[in-house]
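Start from the sequences and build out the full structure, keeping to the hints where you can.
Chains as they are written, first to last, in my numbering: chain A, 1 to 584; chain B, 1 to 321.
A few of these clues could be false.
[As the list claims (entries may be wrong)] From the derived model, a few chain A residues whose C-beta atoms are all more than 12 Å from chain B:
{"hint": "1", "residue": "H211"}
{"hint": "2", "residue": "Q323"}
{"hint": "3", "residue": "L434"}
{"hint": "4", "residue": "V556"}
[Said to hold, decoys possible] Across the chosen pairs, the derived CB separations fall in these ranges:
{"hint": "5", "chain 1": "A", "residue 1": "A545", "chain 2": "B", "residue 2": "E133", "range": "55 to 61 Å"}
{"hint": "6", "chain 1": "B", "residue 1": "E133", "chain 2": "A", "residue 2": "V556", "range": "16 to 22 Å"}
{"hint": "7", "chain 1": "A", "residue 1": "L560", "chain 2": "B", "residue 2": "V228", "range": "55 to 61 Å"}
{"hint": "8", "chain 1": "A", "residue 1": "L560", "chain 2": "B", "residue 2": "R60", "range": "27 to 33 Å"}
{"hint": "9", "chain 1": "B", "residue 1": "G71", "chain 2": "A", "residue 2": "Q520", "range": "56 to 62 Å"}
{"hint": "10", "chain 1": "A", "residue 1": "P415", "chain 2": "B", "residue 2": "E133", "range": "23 to 29 Å"}
{"hint": "11", "chain 1": "A", "residue 1": "N121", "chain 2": "B", "residue 2": "S147", "range": "46 to 52 Å"}
{"hint": "12", "chain 1": "A", "residue 1": "N78", "chain 2": "B", "residue 2": "A115", "range": "57 to 63 Å"}
{"hint": "13", "chain 1": "B", "residue 1": "R60", "chain 2": "A", "residue 2": "R546", "range": "49 to 55 Å"}
{"hint": "14", "chain 1": "B", "residue 1": "Q125", "chain 2": "A", "residue 2": "I3", "range": "54 to 60 Å"}
The hints are simulated quantities; they were obtained by calculation from the structure and are not laboratory data. From the three backbone atoms N, C-alpha and C, an ideal C-beta is built for every residue, glycine too.
Residue-level listing of the chains:
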Amino acid sequence: MKIIKCISKNLKVLIRSRVASFVIILAPLLIFLLLEMAFNVPEQYTLHISVFSTDYSNLSNSVVNELNQGYFTVVQANSKEECIENVKGGISNTCLVFPPNMSVGKREDFIEIYLDSSKNNLVWAIKDIIKNKVEKLSLELSKNLTTGIINTIDFVEEVSNTSQSSSLSALEQLQRGINSTTSAISNLNTMSFGFDEDSLDVEAIKKDVKHATTTTENVIVKVRSLLNSLEDKFDAIKDDILAQGLNSSDEDELLALINSTKSSISELSFAIKDNANSSNMSLAQVSEGLQVITQGIADIKTMLAEDSNLKGDAVANLEATSQAISTSKDELSGIKDNLEDILSRLAQITVREPSEIVKPFDVKMVSITPVKTQMSLVFPQFLGILILFISLVIPCVMSVNERRSSAGVRQLLTPVLRVVYVMGMYLTNLLLVLAQVIAVALITQFILKIDILYKLPTLLIGVLASSSAFIMIGIFLGHLFNEEHNATISAVSLASLLLFLSGAILPLEAMPPSFYYINQYNPFVITISVLRRSIFFNTPISAQAREFIILVLYSVVFYLLTFIYIEIMKKRHIFSSIKRLLAR
Amino acid sequence: MNTENVIEVKGLSVSFGKQRVIHGLSLEVRHKEIFGITGVSGVGKTTLLNAIVGLIQPDRGEINYSSIILGEKHPRPLKLRKHLRLIKNYIGYSTQDPSFYEELTPIENLDFFGAMYSVPRRIRQKNISILLELMGLREVGNKIAKSLSGGMRKRLDIACALIHNPKILFLDEPTSDLDPILRGRVWSVVKRVNQLGTTVVVSSHFLNEIEQLCSRIGILHNGRIIRVVSNKKQTKKGHVWLEVVIKPKQYEQLIGELLKNKSLNPENINYDKKSELLLVRVSHEGKFKELIHSTAKKLGVSITSIKRTGPLKEIFMQTVQ
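In structure tokens:
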């Protein structure tokens, strides 16, 4: 009963304190509502993908088109460096670099996928998604390739069937030709084109003819010689007559000459006579030979007449053979065309490696985060959480305590502007955070052996900007509440909300687009981005100007809000803490 | 503005929401005096002091500080509302609850607040030394403040209010929650500060104590100073005021019996039902004590205490009634 009374009293006390009831009861509900709105969505990711290729091919374009499906936003980068920088800067979640004129079957070609491994809660999802997309496309391509091969096989089968029937027909035709040829050979074999060589002594006839010819030639030579001699003599007579005139001595000489001519003509006559005998003998022999030949020819004619019928059959058979061969040739020509078609179709199959058909193209995952251990990967997040909680909770509590403490009244009595105390609190917290970060950096460097110290200057500037924003938010919260526990709960709640919505636990990309867009301005998201880029990529501050400007704006806005709130409270006499304290 | 006055308050009104605490209040504080403000609990003494030092903004009215304390640079009186930051340099305020950093030592607290008032380091060190001595805190100068006793804390708070050598020191209930010995020590410190030339404005509901300390006392009632009592005037009359404490519900019977004695004037007997306080002004203290003891014995009334008191209490009771 007493316990119930205690509970009842506690609840009354709690509810009657409006701020406490809001912070303790409503704030967690509000946070939960926000988180539910942010994450109660189907498992899908709003991924931003940068792509680059010096020469986009159909295949690379089809990959890009595939990635464009669904909730992905694909941005074409102008260079590989820009593509990678987009990932480093958080503009894109991943970068895909296609080889120039990428095509299936080039084993040396693969898609390079650049990932930021420090986004460890997203990197696996990206890998998974990209892998699925690529596998899907790969499967489609594999299907296409296999379909092409199967279509070619079908074509070969069809053409082969046609060629087979043509081959059978050609074979039949050839068989017929062979039969006809065999028959023709048989006929030709039975034909007799010979005669009795022994009955015709051709050699003897040849000898006789040769002899007659020789004899005749000799006669002709001799006649010619005599005739030449006669001509010479008559020429000499003519010359003498012309030279000397007709006198007595000349007459003697003329007689001698005439006698000599007579003797030559006699010799000629004898010679012709001898030769005529020899020729007659030879001609008789030739005549005999010719008779034998004539007989032989007559015999051949007779034999040819007898073979004429056989020849007709052989010709007919050979013509049939020719016809059969011609038909076979046409058939074989058709088969040749078919084979050329098959070869042409086979030539179109460029991808023949089984591994290439199964996996038409390959991908290569490249981490842009130069770290070795898991601790290194999550280091920016750890550091960010440290900064978030220290910078938000401590100034908030300190601010409440300062105002609620007895010394708070004395502060108000001093002729010091409020800004001095607020700036004092800001700088105190800043020193605390910087000291913590330096301590963490030293531990990281010397105990965890992660090289961080050389990045410390850039890192500290990032820490300065981000912690300034959180400290100012904390100071503002500290001014909103009058009780330390309310302020603490509110600061922790806010820090938790920023943490949950930052992508440190669940990826931002899993949120609805509106939440994703708003969360780009979440100071913790910006802090993580700045730390990550400073630690992993040594990104200069100039390249992070947008983030730094937003963080500075947060600081300025909450600084101004704090003073506006103080002024409003002063004027509305709601300095309840002071009043309560002083009115005792 | 009267040349003797260092503070003039005219038509001051302060309210918290719908609750009007101060309503058209006017008062004057003179140079180097100890001005007391008294009134029943919750009447608005603290609110009045807070308004005068500029901790809260009044709804209406004017609070002016004289050039006497502001120095030659400011020959004319300055309005608090317009010159709050400047005036803060010349006033010190010790609130009812000590106001300093519990985690710092007295020396650190004094050094910090001295710096906030832009007191040069050398003078600050000197002031710290003087104040520690004056407040009897030298031995605990380096102890953490939250470990100090109630009296020490109160004295440290007054020291913090004095670190910048203010011209006017405001004290709000400086002896509440303190035992009589400590109260005596605090008042002696206040006297000493006043003797050094500081005007003191003190609020307290310990009438006896402020009556002994203050040169003038303002009685705050219904949001206004309804009467300012000068201590010198009260002491001229030479009567003795006795405060009689008996068990509740027996006062009326006792008063009725006392009044039967003709030597007592009914005007000299004052009874406040709320506070159950009986004040009697007598010319012969011994005779009255004999009378009241015999009467009480006769009626069977037990007298808890009879003690001497000042005239303020009677004036206060009359005024408030």
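Now for the hints, and whether the structure bears them out:
no., hint, verdict
1, H211, "holds, 163 Å"
2, Q323, "holds, 125 Å"
3, L434, "holds, 22 Å"
4, V556, "holds, 25 Å"
5, A/A545 - B/E133: 55 to 61 Å, "holds, 59 Å"
6, B/E133 - A/V556: 16 to 22 Å, "violated, 48 Å"
7, A/L560 - B/V228: 55 to 61 Å, "violated, 46 Å"
8, A/L560 - B/R60: 27 to 33 Å, "holds, 31 Å"
9, B/G71 - A/Q520: 56 to 62 Å, "holds, 58 Å"
10, A/P415 - B/E133: 23 to 29 Å, "holds, 26 Å"
11, A/N121 - B/S147: 46 to 52 Å, "holds, 50 Å"
12, A/N78 - B/A115: 57 to 63 Å, "holds, 59 Å"
13, B/R60 - A/R546: 49 to 55 Å, "holds, 52 Å"
14, B/Q125 - A/I3: 54 to 60 Å, "holds, 58 Å"
Checked against the numbered hints given earlier, this structure breaks hints 6 and 7; the rest are met.
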